[in-house]
Amino acid sequence: MFVRLSAAIAAVSLLSGAVMAQSAKPSDPQIAHIAYTAGLIDIAAAKQALGKTSNKDVRSFAEDMVRDHEAVNKQALDLVKKLNVTPEDNDTSKTLSKNAAAKIAELDKLSGAAFDKAYVANEVAYHKAVDSTLETTLIPSASNAELKSLLQTGLKIFQGHEQHAEHVASMLK
Amino acid sequence: MKPRWIIPVVAGLVSGVSISALAATIQISMDNLEISPAEVSAKVGDTVEWVNKDAFAHTATARNGDWDVMLPPKKSGSLVLKKAGTVEYYCRYHPNMKATLTIAP
Numbered sequence: 001m002f003v004r005l006s007a008a009i010a011a012v013s014l015l016s017g018a019v020m021a022q023s024a025k026p027s028d029p030q031i032a033h034i035a036y037t038a039g040l041i042d043i044a045a046a047k048q049a050l051g052k053t054s055n056k057d058v059r060s061f062a063e064d065m066v067r068d069h070e071a072v073n074k075q076a077l078d079l080v081k082k083l084n085v086t087p088e089d090n091d092t093s094k095t096l097s098k099n100a101a102a103k104i105a106e107l108d109k110l111s112g113a114a115f116d117k118a119y120v121a122n123e124v125a126y127h128k129a130v131d132s133t134l135e136t137t138l139i140p141s142a143s144n145a146e147l148k149s150l151l152q153t154g155l156k157i158f159q160g161h162e163q164h165a166e167h168v169a170s171m172l173k
Numbered sequence: 001m002k003p004r005w006i007i008p009v010v011a012g013l014v015s016g017v018s019i020s021a022l023a024a025t026i027q028i029s030m031d032n033l034e035i036s037p038a039e040v041s042a043k044v045g046d047t048v049e050w051v052n053k054d055a056f057a058h059t060a061t062a063r064n065g066d067w068d069v070m071l072p073p074k075k076s077g078s079l080v081l082k083k084a085g086t087v088e089y090y091c092r093y094h095p096n097m098k099a100t101l102t103i104a105p
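Read top to bottom, the protein sequences are chains P and S.
Each residue of the first sequence is one higher than the last, beginning at 1 in this note's numbering.
Each residue of the second sequence is one higher than the last, beginning at 1 in this note's numbering.
Please note that a few of the clues may not be correct.
[As the list claims (entries may be wrong)] Coverage of chain P stretches by chain S, computed from C-beta distances (three or more under 8 Å per stretch; other residues unrestricted):
| id | region |
| --- | --- |
| 1 | 64-72 |
| 2 | 144-158 |
[Stated by the list, open to error] Restricting the straight-line Cα-Cα distance to at most 35 Å, the calculated cross-link-like pairs of lysine-lysine (DSBU-like) are:
| id | chain 1 | residue 1 | chain 2 | residue 2 |
| --- | --- | --- | --- | --- |
| 3 | P | Lys148 | S | Lys75 |
| 4 | P | Lys74 | S | Lys53 |
| 5 | S | Lys82 | P | Lys148 |
| 6 | P | Lys98 | P | Lys117 |
| 7 | S | Lys75 | P | Lys47 |
No lab work stands behind these hints: they were computed from the structure.
Ideal Cβ positions, reconstructed from N, Cα and C, are used throughout, including at glycine.
The following block holds chain S by itself, in its conformation from the complex:
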């Protein structure tokens, strides 16, 4: 009574697991109008999660226009990195909040 589809399903699960085991999730906090850590190294495929601890809305906006993540007060937002390079980003609402992501291939 073994259904024939069990093997592809297991294979799918295994490959899914192996992908998520390679990719890391990196947390960056926005607290009292500061991005910390301000310099982070990551790899393509990693997820960056910004945790906004402030009562203010923030954004994580790439200067090169690649991405713009909205971070409502006391909420988090995340992004899967798709492109290698050094990306400077800032908060559009509070441009003094600046940081850099270095993304390896």
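With the rest of the complex left out, here is chain P:
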């Protein structure tokens, strides 16, 4: 319980802290970069899980994450290409990547049920943080209608991931 809670708090505070560190509201090229980076991070986490877990539910969850996040990111790439926008690296993306690398290293030291629990707990926390950032910052800040709509679809699908992660977490108790 302590591990799950502290992981959740850490992930939420890191992400919201990262977004808040940016004083002005993010521009569309920055939003595209943040959303894409957030997707890549979850794909990397899922691939790590697929290499480590032997739990059927965790594996199927991780496969869902790879499938959906790759699909969203492909749509994002197609959209920036169509809009002729170059995603712009920014402090939020950098903080996200840095934290994700630390999380991967931390989880890498675990194995078996301990890994499964820590991975899924982090997925709950991460999707909570991403969903809240989408809702409160990225979607309201996006000016292009197509980008906004893609982010809204993303939010819908990631809210499903959050529920799915919570369900898997409850089964691992």
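Position chain S relative to chain P; hints supplied.
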């Protein structure tokens, strides 16, 4: 010069036509993570075609285990209904996508 097999062939065609005229094809869309219409009535022998308009893979999976149709991104999948009953189904990948098929005999 009438070949003798022409009559069975015609009979086969006619009966084939009459079967397909009775059975309907019902389209159900999966768009932006929603199944529409979510409640559909059909009959045994009808074909249900799910049209996945999303960039995500979906499934139409019966809760009672009767069928599981894969719907890759931007693709359709179909199923001929063989059994009467009310079947609840959902997408295994996105379980918030839920719908019901009511199949009359």
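Results of checking the hints against the structure:
Beta-carbon proximity to chain S at under 8 Å applies to 5 residues in the region 64-72 of chain P; the threshold of 3 is reached and the given coverage holds. Only residues whose beta carbon comes within less than 8 Å of a beta carbon in chain S count, and the region 144-158 of chain P has 3; three or more means the coverage holds. Using a Cα cut-off of 35 Å, the hinted pair Lys148 (chain P) and Lys75 (chain S) holds, with the two alpha carbons roughly 25 Å apart. A distance of roughly 15 Å separates the Cα atoms of Lys74 (chain P) and Lys53 (chain S); the hinted pair therefore holds under the 35 Å criterion.
Of the supplied pair hints, the one linking Lys82 (chain S) and Lys148 (chain P) is violated, its CA atoms being roughly 43 Å apart against a limit of 35 Å. In summary, the hint linking Lys98 (chain P) to Lys117 (chain P) is supported, as the alpha carbons are separated by about 22 Å, within the 35 Å threshold. Distance hint between Lys75 (chain S) and Lys47 (chain P) is fulfilled; the C-alpha atoms sit about 26 Å from each other, no more than 35 Å.
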